[in-house]
Amino acid sequence: MNPDLQTFLQAWTGGGHVSDAERERVLLRFENDAAFRAECMEEIRLLGLIKAVQTPPPRWLALHDALGLSVGTPAEPTSADLASCVLHLVQNESRKIANFRWFAWRPLGAAAAGIVFGMFCTSVLFAYVGPSLGKVMTLLQESFESGPAPLVTGIPQELNVWCGDESELVETYEGMKPAQGKKMVRVLRSDFAGRVSSKPSQHGDLMRVVDVRPFLREANGGEVVMTVSALFNAAPFPEAERYDGVVTLYALGQLGSTEENLYEDALALSHGECRSLDRDPSSWQLASTRFLLPPGAEFVMMKMSFRRMPKGSEDQSSLPDPVIFAGHFVDDVRASVSIRKAVPDHSTQALP
Amino acid sequence: MNADETDLTTLLDRIERGETDLYLQVVRRYELMLRGYLAGQLYNLAETDDLAQEVFVTAWRDLASFKRGGDFSAWLRGIARNRLLTHFRSQQRRASAVERFQAEVVRIADQQLEAAAHHDEAGRVERLLHCISRLPEKLRRVVHAGLDGARPARLAEELQTTVPAIYQLHYRANQLLRDCMTKEAHT
Numbered sequence: 116m117n118p119d120l121q122t123f124l125q126a127w128t129g130g131g132h133v134s135d136a137e138r139e140r141v142l143l144r145f146e147n148d149a150a151f152r153a154e155c156m157e158e159i160r161l162l163g164l165i166k167a168v169q170t171p172p173p174r175w176l177a178l179h180d181a182l183g184l185s186v187g188t189p190a191e192p193t194s195a196d197l198a199s200c201v202l203h204l205v206q207n208e209s210r211k212i213a214n215f216r217w218f219a220w221r222p223l224g225a226a227a228a229g230i231v232f233g234m235f236c237t238s239v240l241f242a243y244v245g246p247s248l249g250k251v252m253t254l255l256q257e258s259f260e261s262g263p264a265p266l267v268t269g270i271p272q273e274l275n276v277w278c279g280d281e282s283e284l285v286e287t288y289e290g291m292k293p294a295q296g297k298k299m300v301r302v303l304r305s306d307f308a309g310r311v312s313s314k315p316s317q318h319g320d321l322m323r324v325v326d327v328r329p330f331l332r333e334a335n336g337g338e339v340v341m342t343v344s345a346l347f348n349a350a351p352f353p354e355a356e357r358y359d360g361v362v363t364l365y366a367l368g369q370l371g372s373t374e375e376n377l378y379e380d381a382l383a384l385s386h387g388e389c390r391s392l393d394r395d396p397s398s399w400q401l402a403s404t405r406f407l408l409p410p411g412a413e414f415v416m417m418k419m420s421f422r423r424m425p426k427g428s429e430d431q432s433s434l435p436d437p438v439i440f441a442g443h444f445v446d447d448v449r450a451s452v453s454i455r456k457a458v459p460d461h462s463t464q465a466l467p
Numbered sequence: 503m504n505a506d507e508t509d510l511t512t513l514l515d516r517i518e519r520g521e522t523d524l525y526l527q528v529v530r531r532y533e534l535m536l537r538g539y540l541a542g543q544l545y546n547l548a549e550t551d552d553l554a555q556e557v558f559v560t561a562w563r564d565l566a567s568f569k570r571g572g573d574f575s576a577w578l579r580g581i582a583r584n585r586l587l588t589h590f591r592s593q594q595r596r597a598s599a600v601e602r603f604q605a606e607v608v609r610i611a612d613q614q615l616e617a618a619a620h621h622d623e624a625g626r627v628e629r630l631l632h633c634i635s636r637l638p639e640k641l642r643r644v645v646h647a648g649l650d651g652a653r654p655a656r657l658a659e660e661l662q663t664t665v666p667a668i669y670q671l672h673y674r675a676n677q678l679l680r681d682c683m684t685k686e687a688h689t
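So the protein lines, in turn, are chains A and B. The numbering used here puts the first sequence at residues 116 to 467. The numbering used here puts the second sequence at residues 503 to 689.
Hints in this document: simulated from the structure, not taken from any laboratory. Since this is a predicted model, take the numbers as computed values, not measurements. Worth double-checking, as some hints may not be accurate.
[To be verified] If we take Cβ atoms under 8 Å as the criterion, some of the chain A residues that face chain B in the derived model are:
hint	residue
1	145
2	160
3	266
Glycine included, every Cβ here is placed at the ideal spot set by N, Cα and C.
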């Protein structure tokens, strides 16, 4: 890079020390050298766009005030939402503790159009709803100690039952211990006997549906944010392979979705992931996500998945279908809701 | 008018007839463009978002003055440019060296920045995001971190390199992104 361009960018972004004299010099060149100016402009325009697309828009509180609308009024999805959606695909940093992602809800129409959307953001900078919500209730704290083994029937068709792909409950596995209690779920395959779907399957899923209507009733028009987390672990697997641990939340208007139409049925979804699980069986790795329940949501399906991903020269099509998981475990699934009731709008009350 | 313009005209007509909430659709449609445009001149995201909000509020109040069938993006950017100049003027006395520098850049290149934005192709944002996802991991990390404030120094420490090297890496990433976006635009 041209040294003057570097000085210019450091002065413009504030990310590096530039003396007053250097600042003056590059500014003078910026003013008088058209080629240099064009080069600088190209860089700062791209830097600005990169910054804007990597963070979700604010809540536009003053705008809502100006419009006389309450925050949370829906807007139809647009390419901006698609961009936000795409963004979750590009957040690709491996980490022991996956970051939280916040999603806002979107109306049904866009889901039907096959777009999954969401404004998500890194946990610290933005949140669609503020971090301090009214009442927090634990929905689930599952370490698989006492219940039956998950059903191997794919997507749950009833409430409060663990279902999914081939799995089993185990106590220990080659020295690996549960994260909580004495049991954990071992995911065996990315499908189950009797699976009927034209879609490839490289995810081994464990799912459960919960009824969220009571919480929305309690919120009485306010906001309900649901959070889910799970711990993932894997026995040592070949270094040439990559597995992710993923948690996903789907807001549903009714039960009965199938693998084929779940994506379209979802009123909103969000996911968090722990990418590139390590090969150390002594460490459990957390993935977590949360979202704001959309109007019309009656149920939420939470899904914990192991995902086989291409690594190195592999491509997606070269991956086995179904995937046989050698030693992949889920434990300590936790779900909670935060309820913030709507604040009465006194301005619209009739005067005595 | 193309389909988008017709769609926007319909939307604006409905908003003027009282369907106020539809303005949020307009905001959603243009927010990335506007925030990207402003961030390309301010870089500070908090200020960018504050100004973007002011622009949308002003546009809402002046909606009747927008000529149907016109370039709504350009109209918003026009409001944004005024707001930006006001912002720089109001900051003049207490501006940091970075802000003064940015203000000078805008003073010198305001019209060219607008002209460049005017020629941005549709779909640029989506292509950018796809292309970021295809960057090598190290470059992606640099791009995610950004270059403002103490970030380059922190990242340099993490990557055991220097701040100038972080700028070089970001520059390299930008080159790859531009190439990638150009290719994607033609496929």
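Let me make sure I understand: some of the numbered hints might not hold for this structure. Which ones are they, in numerical order? Violated: hint 3 alone.
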